[in-house]
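Here are the chains, one letter per residue:
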Amino acid sequence: MTRPEFYSELEKLLGLEAGSVQGEEPLSGMAGWDSMAILLFIALVDEKLGEVASPAAVIKCRTVADLANMFPGKIPGPTVPTELDDRAASSN
Amino acid sequence: MAGLTVQGAVIRGIASSVPKATQSVEDLAKLFGPEEAEKIAQATGVRVRRVGRAGLCCSDLCLAACESLLKGLAWERGSIDALLFVSHSCDYPLPATSCLLQDRLGLPQSCAAFDVGLGCSGYIYGLWIGAGLIASGCKRVLVLAGEMASRMASPLDRTTVPLFGDAGTATALESAAGSPMHFELGTDGGGYRHLIVPAGTSTARVPHSAQTLVRAPQADANIRCEEDLVMNGAEVFAFTLRQVPPLISAVLKRSQWEREHVDFFFLHQANKFILVHLARRLGLPPERVPIVLEHYGNTSSASIPLAMTHSARESLARRKLKLVLAGFGVGLSWGACAVELGPIVAPPLEEVP
Chain A
1 MTRPEFYSEL EKLLGLEAGS VQGEEPLSGM AGWDSMAILL FIALVDEKLG
51 EVASPAAVIK CRTVADLANM FPGKIPGPTV PTELDDRAAS SN
Chain B
93 MAGLTVQGAV IRGIASSVPK ATQSVEDLAK LFGPEEAEKI AQATGVRVRR
143 VGRAGLCCSD LCLAACESLL KGLAWERGSI DALLFVSHSC DYPLPATSCL
193 LQDRLGLPQS CAAFDVGLGC SGYIYGLWIG AGLIASGCKR VLVLAGEMAS
243 RMASPLDRTT VPLFGDAGTA TALESAAGSP MHFELGTDGG GYRHLIVPAG
293 TSTARVPHSA QTLVRAPQAD ANIRCEEDLV MNGAEVFAFT LRQVPPLISA
343 VLKRSQWERE HVDFFFLHQA NKFILVHLAR RLGLPPERVP IVLEHYGNTS
393 SASIPLAMTH SARESLARRK LKLVLAGFGV GLSWGACAVE LGPIVAPPLE
443 EVP
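So the sequence lines, in the order shown, correspond to chains A and B.
Numbering-wise, this note's numbering puts 59 at position 59 of the first sequence, and it's gapless, one number per residue.
Numbering-wise, this note's numbering puts 109 at position 17 of the second sequence, and it's gapless, one number per residue.
For the record, the hints were derived by calculation from the structure and aren't laboratory data.
One or more hints might be untrue.
With beta-carbon atoms standing in for the labels, derived distance ranges [stated by the list, open to error]:
no. : chain 1 : residue 1 : chain 2 : residue 2 : range
1   : A       : Pro76     : B       : Lys412    : 49 to 59 angstroms
2   : A       : Pro76     : B       : Gly95     : 36 to 46 angstroms
3   : A       : Gly77     : B       : Ser116    : 42 to 52 angstroms
Listed next, the stretches of chain B that the computed footprint assigns to chain A, with coverage defined by at least 3 CB atoms under 8 angstroms from CB atoms of chain A [what the hints assert, rightly or not]:
no. : region
4   : 319-331
5   : 365-374
Calculated lysine to any residue pairs in the SDA-like style (CA-CA distance at most 20 angstroms, straight line) [as the list claims (entries may be wrong)]:
no. : chain 1 : residue 1 : chain 2 : residue 2
6   : B       : Lys131    : A       : Leu14
7   : B       : Lys414    : B       : Arg380
8   : A       : Lys74     : B       : Arg373
Please read all numbers here as calculations on a predicted model, not as lab measurements.
Ideal Cβ placement from N, Cα and C applies to all residues, glycine included.
Input sequences plus hints: build the corresponding full structure.
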């Protein structure tokens, strides 16, 4: 699953507007993020990723991106330009 | 996971009983407000719970179920070799409630009687122990499973009080040639804190005191005391997702049944959200995973036999059924049984005033 797909699933789960979740949003105070949403999130991860999320780890997450970072093998991290990429770009 | 197969024990009958008094979503609305009460009911699937009056004990419910069952079976009481009472809801800290039930049921003094302190998984353990007793030489065994679960919850805790209800059941096992009973059982005591009554009685780790009875606001915004039931719903759900799918697969493998050969999967009636998710995760059609907690709530060790008598009583009384039963929860403890049974004696539900 890509990060945009994961964020889209979260938007549906929380009843948020499409495209409103970008990753850096804090979970604390986010509309709909309560104990029921945590259960729904655990169910979502089980169904879509085949993983059982640790509730203690979910509660420790500060941002939406932290939730995605719990599953590095299933949700690849965002593409970060490397030094080699920068050199290749400047030589063109 | 311990896997076992027991030969020569047959389930002859199952009966259930509940308190006559009910509490509904409308009653909850008076405590938590109509919107919150409806939101909780949507998540749990519980619309009505049976709640016993003060003074009514789990043994009273099990007694009513057992009297109805023994009448239906027409068993001589002197022929019963053992009685198990599976519950956390005992009449007294001591003696064992099973001893009182032996006397109240008029069972002979030659009858072995003992309590088994388990909840959500307790019915499976009760069947396993009962079948094992028959394998060791008993001819007839009664397994009484029930809980006064409503009484353990703080009335001001929205994570527990809307969910739990009271019920008692009786199951009769007999020595006879028949299909084997297959069991898978397991325990993870490391998760004991996730579903617990933290204090109470003089011998508990946190003994009863005036302080343990003081209800106060907790970190989760609910009001309870140390002698009230505490449930970490997310941890219990995660435990269920980790353990139940492999548990069902293991018991099917042991019984050499394919999923499509099973008439019903009677799962512990934890809550609707968990049951619906489990059924989808296991690829089971909803019509073969009965959900009855709308009418009773989560009744702990009684929930599986209560679901059986509620949703399949006439089928059980008429024909042979292939069933997978699975209990999981407090302990943390789990168990499953694959059993072919029927026709059995299945009296109508008893309602106790």
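Evaluated hints:
no.	hint	result
1	A:Pro76 x B:Lys412: 49 to 59 angstroms	52 angstroms, holds
2	A:Pro76 x B:Gly95: 36 to 46 angstroms	39 angstroms, holds
3	A:Gly77 x B:Ser116: 42 to 52 angstroms	49 angstroms, holds
4	319-331	holds (count 6)
5	365-374	holds (count 4)
6	B:Lys131 x A:Leu14	15 angstroms, holds
7	B:Lys414 x B:Arg380	11 angstroms, holds
8	A:Lys74 x B:Arg373	18 angstroms, holds
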